[in-house]
Every structure is written in C-alpha cells, then in structure tokens.
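Novice: Whenever a hint applies, use it, and build me the whole structure from the sequences.
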Amino acid sequence: MSSRCPPCGLFMPPPPSRGCSQALSSLRKGPGATCRLLLGPQSPYLPQPLGPGTAMDGQLLPVLLLFLLGASGLQGQGQGQGPERPSEDLLEDTPGEEVPKEDGVLVLNHRTLGLALQEYPALLVEFFAPWCGHCKALAPEYSKAAALLAAESVTATLAKVDGPAERELTEEFGVTGYPTLKFFRDGNRTHPEEYTGPREAKGIVEWLKRRVGSSATRLEDEEGAQALMDAGDVVVIGFFQDLEDEDVATFLALARDALDMTFGFTDQPKLFQKFGLTKDTVVLFKKFDEGRADFPVDEELGLDLGDLSRFLITHSMLLVTEFSHQTSRRIFGARILNHLLLFVNQTLASHRELLEGFREAAPPLRGQVLFVVVDVDASNDHVLQYFGLKAEEAPTLRLVNIETTKKYAPPGGGPITSASVAAFCQMVFSGKLKPYLLSQEVPPDWDQRPVKTLVGKNFEQVAFDETKNVFVKFYAPWCSHCKEMAPAWEALAEKYRDHEDIIIAELDATANELEAFTVSGFPRLLYFPAGRDRKMMEYKGNRDLESFSKFLDSGGELPAEAPTAPFQEPLANSSVGPREEL
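Residue numbers (the numbering used here): 352 to 933.
What the hints contain is simulated information worked out from the structure, not anything from laboratory work.
Keep in mind that the hints are not guaranteed to be accurate.
Calculated cross-link-like contacts (lysine to aspartate or glutamate; reagent style EDC-like; alpha-carbon spacing at most 20 Å) [claimed, not checked]:
#1 Lys803 / Glu754
#2 Lys487 / Glu470
#3 Lys553 / Asp454
#4 Lys891 / Glu817
#5 Lys741 / Asp798
#6 Lys637 / Glu650
#7 Lys560 / Asp572
#8 Lys846 / Asp798
#9 Lys630 / Asp572
#10 Lys560 / Glu517
#11 Lys553 / Asp584
#12 Lys630 / Asp596
#13 Lys741 / Glu754
#14 Lys452 / Glu523
#15 Lys553 / Asp572
Label pairs and their calculated CB-CB ranges [to be verified]:
#16 Thr527 / Leu688: 51 to 61 Å
#17 Thr527 / Gly657: 20 to 30 Å
#18 Thr527 / Asp596: 36 to 46 Å
#19 Pro491 / Glu792: 24 to 34 Å
#20 Pro762 / Asp581: 14 to 24 Å
#21 Leu688 / Gly583: 24 to 34 Å
Where is the CB? At the ideal position from N, CA and C, for every residue including glycine.
Specialist: So this is what it looks like as structure tokens:
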C-alpha cells in the first residue's frame, strides 16, 4: 500500500512547515507516491496552511458547500457506515475497565470504545496516526477544545484512537486517512456523523455546541432580535409563521454547520412587522455593504437548502475583498469560480483612487464574479508569481477561473474604471478574449545537460518532434517525491545520452503552463513517442532506473510483471482540511 500526501494548491510557493513537505517526510514511502493537486474548483493562488486551525481558518462557509455537493462526510472519505455490529457487541467490552485520559481526551481502543459509547451520549472521536503531521498539528487544539468543553459544561466528550494500532476499528468505520473525526450520538455505533468543522479549539467547541444544543436562538421580541444582530458581523434570522413547518428544520440543519454566522428564528408577528415582512423569509443582516439581503421562502416548494446555502455564501461576502492569509479561506470557500483581481500598491494615492470604480462594477456581477484586491506592497508575492506579474506592473487586472485555472489579462493599457472592468469581464464571458499561459524563458543551455530543460515556450517543439522519443518529468521544486526520484532520472538521462532518438527532459510545472493539458500531480511522467500523430502516454510504473529503462527499451510499454504506481486521484471536498491518506 503506497502513501500519498494531501493535495497541494496549483502553482503554490514551497509549502511551509505544516504543509505538504512535512506530510511527506512523515509518511511511509511508496514507489508511486505523488504530490497531488486538486482537480475542479480549487485555491490556485492560495499558500499552504500555516499551522493548526488554518485548514479552515475558522471560516466555515466552505461547510455550506457540503450541502451543495451532496457530501455527508469529511473529504468524501469514509462515510462511517462500515460493517454493522450488533448492539450486543457493546456488552463484549471488558466490564469495569477504566478508560484512560490524555490531556483531557479519552484514549480508546477496540475494548474500550463500546464502554465510552455507553457512558458518553455525545462523543467526538479522532482517528490519528503517530507519524501524521496534520494529527500532530491538531493535537494541541484538540486538547484545548476538551478543556473548553469542560469549562463551559458542554455535554460533549472528546476521544482519540491510534488508527494504525487499531486496524479493526479503522476498518469498521471506513477510515481512509488521518486525521479522521467521527461524532457518535446516544451510543449509535453504526452511523456516526463525519466531523466537518474547523481544526482549532473554539471551532471544534462551537461545532459540538450546535449539535448537543440549539443551532439558533429563538427570538421573542425586538430587544432579543437587536441583541442577536449586535452580536456578529453576519447574522441570519429566519422569519417563519409556523415553527412546526419543515422549513424550520431545514433552516436549523443549515445553521448547525455555518459556524461563521449567528442564527436566530422567530414566529412573532411584531418582528415580521418590525422588519417589513409579510411572509416567510430568511434575512441576512450584515455590518457592511448594503446591510441586509432577503431570501423569501417559496410558498409552493418551500425552503430549498441548496438555494439558501448559495444565497448565504454569496451575500455574506464583501462586494470587494482584500486578499490576505486571513481572508483567503473565505475567498476560496465562497465557491464563486471567477475571481477578478485588481493589483494595486496601497501606499500610492493614485492606486487607491481606482478602488471606487472597481467596487462600482461589482454589484451586477455578484455571485458570478468575486472581486478581490491584491496589495503588491504586502506579502503577496505568491499571488504575483501565480499570475506571472511583477509588483511594478500594478495597477492591473487579472481574471482567473479557479475550476479551469484559465487566466485572462485585459487587452491594451487603458485606465481602470467601472466601465472598463465591466467590459473586460464581458469579453472573457463572451469568449472574445483568449487565456494566457505562463512560461519561463528558454535557457541558453537547455539542451546541454543529459536532462534537457523544457519550458512552456519550447515544449511543443521538443515533445512533439516527429523524430524523437521524448520522456518528460513534470515536477514542482518543493515536491519531496520529485526530489527522491531525481537521481534515477539523472542516471536515466546519462544512460541514454548517446541515443539520438531519445530525449530525457524535465519541466517545472509550477512556472510553465501548457495548452494541451494541465498537470494535476507531481511528479507526472509522460512519454511522447516519435511520429506524426502526437501521441502521449503516461508512465505509471516504479520510479527507478531499471523500470525506466525497460519502459524505453520496449517502446513505451511496461512489462506485464512490472508493478505500477496508483493513478493520481484527486481528493474530494478537500476544502475542509488536509489529511494524510493510508
């Protein structure tokens, strides 16, 4: 069984201490290990998490997307419905055995899990691995959460299970990566709920409080409503004439996971009148932009959870958001695919004057385009690098679709106004503007070493040379797996350097983009055989000199007995947080 690291964002800077590199160093190595990238909606210009809690950064808007995507569990992995155990099995656990605690967290095994389920009606269990970097990052926050739960007298308990040491339990609960957290209610062992919350102490506590208690406050008068609205920047109140209606249950279910927002509900006619309402409506109150957004409940179809989720995500965002580490998770969690970025130097008055026109263009495109300001004078070098920009090129605009990762630049160098911003977006959406591709310059000595250096500008010419068989390694400079296989790749190039029809090459896929395909994992090895038909074959075998040589000598075929590396699968719903897979 091979080990693979969690997905890394496309064209990222080197991951910091708790990013991909640490995960790789702690994983058991396998011949097909791969640094993988998300396919589909992703966070292309977002740096890696910096530490515990930053996987969600306390921003729970992405959790609303679990409703839209139909996901019932963290990362789409391990739905918690493994082989059912009869209720009598709960009695097989050793009677009288004391369950140990470590920093306020129960330490469970296959003998004591049943005892804990009988004793604790609300039990959150973390399946961890001692070698897992993300588990180590979570550990202090998990312990803090246990202390907060005890201090606030919340009727929920935290526990943990050493997954590698308890194989029976990991198989029973479908654990496929670490950490995996599952929430057990009232001793129900067969259908635990997947934990979908943040990885910092306060977020863990809030997630549990909204399950063991109410997820929204019932409002009876204007004073209570005003107090609730004063409590947060984004407050959502459901106005329902009948609190027994199923729409109320839908509303409360959504409120359980939208931890970024404060929720209330009411059936009081005086509150309907106070806020100018005559029928069931969900109202989002916010301390910015227009201050309020209404979502009327469809009288025939009722409250649609997906539609309400989209509404809350869209209207809880600022019309224009300044990019920073703190706001990045909210930006990408919004799941608005088109991001329009204005690069400015905030220290210059002439640049700041452009913000008003930029903002004026935003309202008609709300929900379709996310407007983002990037200060080139701040620590945003990774954003500039992703778009192939330099700070001195500001002010300028760029639009990126985070699903396709296609990037667009406005033609010409005219002024940035509300009208020019709207026109630029229209050109992109109408297909009148082609995306641009990044490429490094071709090095003067690109073909002087045994391993040839390819970039975007010379890739087509070399890879599809009709007279050559070209074997290319697509890599990321920070990828540990790429570094591991580098000696074998160099040895391969040295071995075949005198074969005129064979080229061994490499391309830095974090700095070069190709029109033909997108690189979704590192390293990715592709073979381009000689000929006019532009064939492309992916190598999935072991990454050693012998296997590479057999592949080349057989004309791009692996011997039948050769083991192959697993296909690079993207991890579903990875916006929730990184895990290390088994």
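Novice: Check the hint pairing Lys553 with Asp584 against an upper bound of 20 Å on the C-alpha distance.
Specialist: Within the cut-off at roughly 18 Å; holds.
Novice: Are Lys846 and Asp798 close enough, with their CA atoms no more than 20 Å apart?
Specialist: 16 Å, holds
Novice: Keeping to a limit of 20 Å between CA atoms, is the pair of Lys637 and Glu650 held or broken?
Specialist: Distance ~26 Å between Lys637 and Glu650 Cα, so the pair is violated.
Novice: Holds or violated: 20 to 30 Å for the Cβ distance of Thr527 and Gly657?
Specialist: 27 Å, holds
Novice: Verify the proposed pairing of Lys891 with Glu817, using a straight-line Cα cut of 20 Å.
Specialist: Measuring from Cα to Cα gives roughly 24 Å; hence the hint is violated.
Novice: Can you let me know if the beta-carbon spacing of Pro762 and Asp581 is within 14 to 24 Å?
Specialist: For Asp581 against Pro762, whose Cβ atoms are near 48 Å apart, the range 14 to 24 Å is violated.
Novice: Does Asp596 sit within 20 Å of Lys630, going by the straight-line distance between their CA atoms?
Specialist: 13 Å, holds
Novice: Would the pair Lys741 and Glu754 pass a check requiring their Cα atoms to be no farther apart than 20 Å?
Specialist: 24 Å, violated
Novice: Would you check the hint for Lys452 and Glu523, treating anything up to 20 Å between C-alpha atoms as holding?
Specialist: With Cα atoms ~23 Å apart, Lys452 and Glu523 exceed 20 Å; violated.
Novice: Would you mind confirming whether the straight-line C-alpha gap from Lys553 to Asp572 stays at or under 20 Å?
Specialist: 29 Å, violated
Novice: Is the gap between the beta carbons of Leu688 and Gly583 within 24 to 34 Å?
Specialist: Cβ of Leu688 to Cβ of Gly583: about 28 Å, so the range 24 to 34 Å holds.
Novice: Does Lys560 pair with Glu517 here, judged by a C-alpha cut-off of 20 Å?
Specialist: Violated, at about 29 Å.
Hints 1, 2, 4, 5, 6, 7, 10, 13, 14, 15, 16, 19, 20 from the earlier list are contradicted by this structure; the remaining hints agree with it.
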